[in-house]
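One line per chain: the protein sequences are A and B, in this order.
Terminal number for the first sequence in the UniProt record's numbering: 502, no gaps in between.
Terminal number for the second sequence in the UniProt record's numbering: 502, no gaps in between.
None of these hints come from the bench; they were simulated from the model.
All C-beta atoms, glycine included, are put in the ideal place defined by N, C-alpha and C.
There's no promise every hint is true.
[Stated by the list, open to error] Cβ-Cβ distance ranges computed for the label pairs, FRET-style:
#1 Ser283/B x Ala57/A: 54 to 60 angstroms
#2 Asp193/A x Asp459/B: 45 to 51 angstroms
#3 Asp359/A x Ser465/B: 52 to 58 angstroms
[To be verified] To spell it out: a stretch of chain A is covered by chain B in this simulated footprint if at least three of its residues, at any positions, have a beta carbon under 8 angstroms from a beta carbon of chain B; those stretches are:
#4 148-157
#5 386-398
#6 477-491
#7 494-500
[Stated by the list, open to error] Quick partial rundown of chain B residues pointing at chain A, CB under 8 angstroms, derived from the structure:
#8 Gln486
#9 Tyr491
#10 Val492
#11 Glu498
Each chain is listed here by its residues.
There are 2 protein chains.
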Amino acid sequence: SAAAKITTKRLHAVGGVWPMPQISASSPEQYPLNPEAFYFEYGRQSEAQPGCSVLDAAFKRYFSLIFPDYFPGGNVNRPFTLEVSVDHDGCDGYPSQESSERCKCAQFNEPEQNILSSVWLQQMQPFFVNKTDIEDFPRFQFRGILLDTSRHYLPVQAILKTLDAMAYSKFNVFHWHIVDDPSFPYQSQTFPDLSAKGAFHPMTHIYTQTDVQRVISYARLRGIRVLPEFDSPGHTQSWGKGQSDLLTPCYKGGTPSGAFGPVNPTLPSTYQFIARLFKEVSSVFPDSYIHLGGDEVNFFCWKSNPDVRAFMQKMGFGTDFTKLEAFYMESIVNITSTLNKTAIVWQDVFDYHERIPEDTVLHIWKGVPYDYTKELSRITKAGKRVVLAAPWYINHIAYGQDWRKSYTVQPLNFSGTEEQKKLVIGGEVCMWGEYVDATNLTPRLWPRASAAAERLWSDEKQTSSVEKAFPRLQDFRCKLLRRGIQAEPLYVGHCRHEYQGI
Amino acid sequence: SAAAKITTKRLHAVGGVWPMPQISASSPEQYPLNPEAFYFEYGRQSEAQPGCSVLDAAFKRYFSLIFPDYFPGGNVNRPFTLEVSVDHDGCDGYPSQESSERCKCAQFNEPEQNILSSVWLQQMQPFFVNKTDIEDFPRFQFRGILLDTSRHYLPVQAILKTLDAMAYSKFNVFHWHIVDDPSFPYQSQTFPDLSAKGAFHPMTHIYTQTDVQRVISYARLRGIRVLPEFDSPGHTQSWGKGQSDLLTPCYKGGTPSGAFGPVNPTLPSTYQFIARLFKEVSSVFPDSYIHLGGDEVNFFCWKSNPDVRAFMQKMGFGTDFTKLEAFYMESIVNITSTLNKTAIVWQDVFDYHERIPEDTVLHIWKGVPYDYTKELSRITKAGKRVVLAAPWYINHIAYGQDWRKSYTVQPLNFSGTEEQKKLVIGGEVCMWGEYVDATNLTPRLWPRASAAAERLWSDEKQTSSVEKAFPRLQDFRCKLLRRGIQAEPLYVGHCRHEYQGI
Chain A
1 SAAAKITTKR LHAVGGVWPM PQISASSPEQ YPLNPEAFYF EYGRQSEAQP GCSVLDAAFK
61 RYFSLIFPDY FPGGNVNRPF TLEVSVDHDG CDGYPSQESS ERCKCAQFNE PEQNILSSVW
121 LQQMQPFFVN KTDIEDFPRF QFRGILLDTS RHYLPVQAIL KTLDAMAYSK FNVFHWHIVD
181 DPSFPYQSQT FPDLSAKGAF HPMTHIYTQT DVQRVISYAR LRGIRVLPEF DSPGHTQSWG
241 KGQSDLLTPC YKGGTPSGAF GPVNPTLPST YQFIARLFKE VSSVFPDSYI HLGGDEVNFF
301 CWKSNPDVRA FMQKMGFGTD FTKLEAFYME SIVNITSTLN KTAIVWQDVF DYHERIPEDT
361 VLHIWKGVPY DYTKELSRIT KAGKRVVLAA PWYINHIAYG QDWRKSYTVQ PLNFSGTEEQ
421 KKLVIGGEVC MWGEYVDATN LTPRLWPRAS AAAERLWSDE KQTSSVEKAF PRLQDFRCKL
481 LRRGIQAEPL YVGHCRHEYQ GI
Chain B
1 SAAAKITTKR LHAVGGVWPM PQISASSPEQ YPLNPEAFYF EYGRQSEAQP GCSVLDAAFK
61 RYFSLIFPDY FPGGNVNRPF TLEVSVDHDG CDGYPSQESS ERCKCAQFNE PEQNILSSVW
121 LQQMQPFFVN KTDIEDFPRF QFRGILLDTS RHYLPVQAIL KTLDAMAYSK FNVFHWHIVD
181 DPSFPYQSQT FPDLSAKGAF HPMTHIYTQT DVQRVISYAR LRGIRVLPEF DSPGHTQSWG
241 KGQSDLLTPC YKGGTPSGAF GPVNPTLPST YQFIARLFKE VSSVFPDSYI HLGGDEVNFF
301 CWKSNPDVRA FMQKMGFGTD FTKLEAFYME SIVNITSTLN KTAIVWQDVF DYHERIPEDT
361 VLHIWKGVPY DYTKELSRIT KAGKRVVLAA PWYINHIAYG QDWRKSYTVQ PLNFSGTEEQ
421 KKLVIGGEVC MWGEYVDATN LTPRLWPRAS AAAERLWSDE KQTSSVEKAF PRLQDFRCKL
481 LRRGIQAEPL YVGHCRHEYQ GI
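So that you can see chain A by itself, here it is in the shape it has in the complex (with noise of 0.2 angstroms):
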């Protein structure tokens, strides 16, 4: 029908890439792409060569993404080679903060040209069939999804399935929020009874070595780091059925109540615990980041223990209980820093002025709704570095288009030196586990994160509108869709294929 076709040919007009690339120039000049003559190639010049581990398999993954309806026996027309070239090697190992995810995909000739300067850039962007150059490159180094797999058990399926999405926005970190107060899914190979006694089930409702080596090396090859939080002292109930002498007995009336509290920070085991738990950590988890928690203290059952409050007097603490944390948390910190690992923590952990080592990154996750700027001022201002997450808790839905709140964050925005601004080294849209589990997380994600996803990939100015934001994220939407991901609707409308898998 007609009404039909102008819709189709607008969807098809719009076809923009997301996020936005930041320089990009396309000429009226045609290419056909047809999947019987199209070819990914090594550029002759290139270090990575074929048996690069990561391209190898993201050529595959890119060819199905762009022929989803390939069949075989179409008319070969002039052949399409995208060449590929890397300017350093880096095939077998794993993303990093420092790796480079910039690319220059022109078409010099034949064939078109793809250069990257190293293996690590997520998506490949092959779909214009108008001759385009482009020259790409993040915003931030650091683009964060966090999932809380304690609150909800989340099947190795929808972690991997979230990886998948997170590459198509071009999320390179996967913040994995493992443990927390209800359950410790982690199945450590040291102390085997934190998941046997503290996982929703010892056998059903756990992460094996296997599951987290596969997660691991599923991000690996979609360019995605994975940071793992292991927070402590408080969200910690879960530990203490498989750790005995772990968390802090909490009194009442002079005697324990058999409540427990946060870690308990004032005995040797604690921290001969803590780092044997760590080194394994450490070990299993390649990343050099470890995310090490500190949120959320509360004091209650600590000032109800008389050994704590001894513990107080003699390291002259007073009645300051910010100074036992400040303490346990300086005290891991030094840990991971013997273990070659950089700590992410939460914001708090600054609050309390611990001493803290320089490069620590600090995440911010407090000032919402309009407040962060005053935090990333604040914090940035005592020289460290920082990840914005407070605009972006998405778990917190509400009745219609909120994904436009977050594109509308502007994180440099506050008040600072340009050295305070190049403190902020990324963002990360957080995805709490109160409600959610995997019959609900793939649409509350999607595509609400690639909102953030835009704005910390691309230039601000040239991402600056809503407006036009709204059509190539419809467009995008529906890509997501064609590719297996059950992301929602923005608002009324249609994609040409719809979700089918019920």
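Use these hints to put chain B onto chain A, whose structure you have.
Below, chain B without anything else, positioned relative to chain A:
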């Protein structure tokens, strides 16, 4: 682990039925349910006998639901026969507003006996292993769910899945808001251009006659009526694409602007079209009710049109356009009366004081969040039957446990006589489609809609505590998951069998 065992035991101990049966008495006496020796049988005195399509299908369905993990080869203990008797036959018909859903399930001796007063009880409840006598019947006869297939197209599979889940919560009316402004997916035999030109896509985004029959018969086997809505005179933009001269041309500065408004109520051709369309709809949908919409008519375009103004003059309506709307609605309600259908309309039709037949049902959607009791009071005072939807627009999502709000609605807690209360024939959960399609429909509906389901089925006094309902509803949500319904979590926790369909 101990923790896991405790949780499992708690869930098992809860194991209640949702919605709560009206009368239920348990004894500690235990009956084992063994899939090797469990039988459904028709009672000898039953009016329905083998060959009754509704019960034959229900027996097959519920066997698998009771024993999801059934493998042959277990030991046969004492056989357990569930004998079902029906007081009145009705196996070949459709459920109706008058169908009885009363059931008496008792362990008289052996075999256990279920006495249904008709075949339309959706869910037999043989899940108890303790000896239990149940007498059950619905509080309200009309317990509906509205799906909107115009703002987004829903594949037939998504509708069938919703019907499955509806039966599990004892909903018995599928209110199919099948067309609206954005698209006209119903493929009419009489007017094929309506979907050919008005659907999002003329081949893929339509409901063929076969699709519609499939939905109706799938619903029938689950004791669910299909109530179609063809909303007019507003909400009809998509109708205009395939039916010229139906909508009112809007004027700007004395000439037609190219835009169209509501259905044109001044032309005889309009009523000829409606009569032919509704004649088809009446024969396609067997239910004796039809929903005519009648909500949110914008007078702006009518006012701009000189022909409409002339008609107003001629009819003596002055400048009161509510009289013109009343004229239109009265005419189409009368058309449906000649087709032996009872009309349901949105409350706007009452608000404009149309003269409508005594038996017309008013659908209450205004007065949100707290004033719908006034609407109930006002409309039942005029002697009209009503269906309450206002507090159950659950497309309006919010962060947190918003099912509690749905659960605490008291549909009869309004000022009015006993006679007025009897005019409340039921309630409806509405899932409007602005932000909903097949990707997020199921987790948004379930288990949130189940909260309203219990309010509409069960005794309000027995189900007044939200806190007591919570663990039962959590348990029921796990049961939905187990039955393949992608129902989202209510809060932190887990189900023994998590959703795996990613």
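Hints, one by one, checked against the model:
Under the hint 54 to 60 angstroms, the C-beta atoms of Ser283/B and Ala57/A, about 57 angstroms apart, fit the expected range. At roughly 47 angstroms, the beta carbons of Asp193/A and Asp459/B sit within the given window of 45 to 51 angstroms. For the pair Asp359/A and Ser465/B, the supplied restraint of 52 to 58 angstroms holds, since their beta-carbon distance comes to about 53 angstroms. Coverage of the region 148-157 of chain A by chain B holds in this model, with 5 residues showing a Cβ closer than 8 angstroms to a Cβ of that chain against a need of three.
Counting residues of the region 386-398 of chain A whose CB lies closer than 8 angstroms to any CB of chain B gives 4, so the stated coverage by that chain holds, three being the minimum. With 7 residues having a Cβ less than 8 angstroms from any Cβ of chain B, the region 477-491 of chain A passes the three-residue criterion, so the hint holds. Coverage of the region 494-500 of chain A by chain B holds. Counting CB-CB distances below 8 angstroms, 5 residues qualify, and the rule asks for three or more. For Gln486/B, the interface hint holds, the least distance from its beta-carbon to any beta-carbon of chain A being 5 angstroms, beneath 8 angstroms.
Proximity of Tyr491/B to chain A holds as hinted, the smallest CB-CB distance being about 6 angstroms (cut-off 8 angstroms). A cut of 8 angstroms between beta carbons decides the hint on Val492/B: the least distance to chain A is about 5 angstroms, and the hint holds. Because the smallest distance between the Cβ of Glu498/B and any Cβ of chain A comes to about 6 angstroms, under 8 angstroms, the interface hint for this residue holds.
Taken one by one, the earlier hints all hold for this structure without exception.
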